[in-house]
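Chemist: Working from the sequences, and respecting the hints, build out all of it.
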Amino acid sequence: MTCQDYRPKLIDLARGVAGTEQMPREHLATCAGCAQFLEEQRVLGTAFRSLAEQAQDECPPFLETRLLAEFDSARQPRQPRRPTLVWQLAAVAACVILAMLAMNPQQPQFPEATTETQDPFIEIPYVAPFAPYERAEVKRMDVPIATLMAAGLKVREPQLEQTVPAEVLVGQDGRVHAVRFITSKESIP
Amino acid sequence: MDADRQLIAQFRQGDREAFTALYRTHHPAVFRHALYMTGNRERAAEITQDVFVWLIHHPGDFDAERGSLPAFLGGVARNLLRRRQRDERRWLPFDEWNSAAPDEPSDAVDVGALQRAIAALPERYREAVVLCDLESKSYEEAATLLGCPVGTVRSRLYRGRELLTQRLRPRLKELEKV
Chain Y
1 MTCQDYRPKL
11 IDLARGVAGT
21 EQMPREHLAT
31 CAGCAQFLEE
41 QRVLGTAFRS
51 LAEQAQDECP
61 PFLETRLLAE
71 FDSARQPRQP
81 RRPTLVWQLA
91 AVAACVILAM
101 LAMNPQQPQF
111 PEATTETQDP
121 FIEIPYVAPF
131 APYERAEVKR
141 MDVPIATLMA
151 AGLKVREPQL
161 EQTVPAEVLV
171 GQDGRVHAVR
181 FITSKESIP
Chain X
190 MDADRQLIAQ
200 FRQGDREAFT
210 ALYRTHHPAV
220 FRHALYMTGN
230 RERAAEITQD
240 VFVWLIHHPG
250 DFDAERGSLP
260 AFLGGVARNL
270 LRRRQRDERR
280 WLPFDEWNSA
290 APDEPSDAVD
300 VGALQRAIAA
310 LPERYREAVV
320 LCDLESKSYE
330 EAATLLGCPV
340 GTVRSRLYRG
350 RELLTQRLRP
360 RLKELEKV
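Chain order of the listed sequences is Y and X.
First residue of the first sequence? That's 1 in the numbering used here, and the numbers climb one at a time after it.
First residue of the second sequence? That's 190 in the numbering used here, and the numbers climb one at a time after it.
Please note that a few of the clues may not be correct.
What the hints assert, rightly or not - Listed next, the stretches of chain X that the computed footprint assigns to chain Y, with coverage defined by at least 3 CB atoms under 8 Å from CB atoms of chain Y:
1. 215-226
2. 229-239
What the hints assert, rightly or not - Simulated restraints, written as ranges between beta carbons of each label pair:
3. X:Ala198 <-> Y:Ala91: 44 to 50 Å
4. X:Val242 <-> Y:Asp5: 43 to 49 Å
5. X:Arg201 <-> Y:Glu26: 38 to 44 Å
6. Y:Pro61 <-> X:Ala253: 26 to 32 Å
It is worth saying that the hints were derived from the structure and are not from the lab.
Ideal Cβ positions, reconstructed from N, Cα and C, are used throughout, including at glycine.
Modeler: What follows is the structure, given as structure tokens:
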């Protein structure tokens, strides 16, 4: 057996664990290093006892009060959740906005096209599709019926000299890709 | 132990006096363990508070068939200590990281030096030293509490004591006189 094998037994010896009194004594008689180790372990044991004796004091007294308060709050029946401050502020803000709207009779201005044009866009025949990421623009204009016919759209009662209000979808290169007719003439700027 | 069972049963039914009695009986051991493990009274008090707050909110978790109440509270304390140590290590300010290294020996010789040296031990060795040497638990009791074999407790205790001896060697003789 080496010194390393004896050391745990020496700790048992220093701690006074029963049944180990006789085992390492022969080794201790011949090994100064292990004898010193045993002495150090005994000193450490004494210091542990001093520490244990000095550490007998208790928790701060206010801890019991805090814990009893926690106990009381945990035992109370849960109240239905009250609205949080954020929701209360949101409700107040909503009331203020509604009051301001009620006091100001002016209705918000929405783009007329959204309310007055209900027809879908009609694709202009034989126009190359949009390139990827190509930007398009919607423009309002009075489109001559002759132009519509020239673009390949069928017109039921052709009156070549007249125009129709419409929104046209124009690509970046200026070409018209689609047209949507506006049903109300008043919406044309 | 029967008294604990009775108090726990009353505590579960909302008996405030039973909780007070449980706290007064068991908080010194919890506090001492936390104090040995942290080396800091304030942290030890916080851990003690957390253990009993946990008990308040988990009254049904203690099973008397599986062990005693002190062992159960000790286990809760160890888990909370580990969690706290993990969190503190994670959020250690940059300029303080180096100060978390083990204490260098100073000229002051008192049990505080030993306490600090114990608190600076790696956790697994510290637990063995605290349980076996400071709380005078047997190897078997410590093994049960730590959930490991007796041989592991002995080897951890040996390693912990060895580290403490190395750290405190310059003033072991003086510690003997304390």
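Chemist: Against each hint, give a clear statement of whether it holds in the structure.
Modeler: Here is what the structure says about each hint:
1. With a cut-off of 8 Å between beta carbons, the stretch 215-226 of chain X has 6 residues touching chain Y; three or more are needed, and the interface restraint holds.
2. Remark: the stretch 229-239 of chain X is confirmed as covered by chain Y, as 4 of its residues place a Cβ nearer than 8 Å to a Cβ of that chain, reaching the required three.
3. Between Ala198 of chain X and Ala91 of chain Y the Cβ separation comes to about 47 Å, which falls inside the hinted range of 44 to 50 Å.
4. Take Val242 of chain X and Asp5 of chain Y: their Cβ atoms lie about 47 Å apart, and the range 43 to 49 Å holds.
5. In this structure the hint that Arg201 of chain X and Glu26 of chain Y lie 38 to 44 Å apart at CB is violated, the actual value being about 58 Å.
6. A beta carbon spacing of about 29 Å between Pro61 of chain Y and Ala253 of chain X agrees with the range 26 to 32 Å that was offered as a hint.
Checked against the numbered hints given earlier, the structure breaks only hint 5 and satisfies all the rest.
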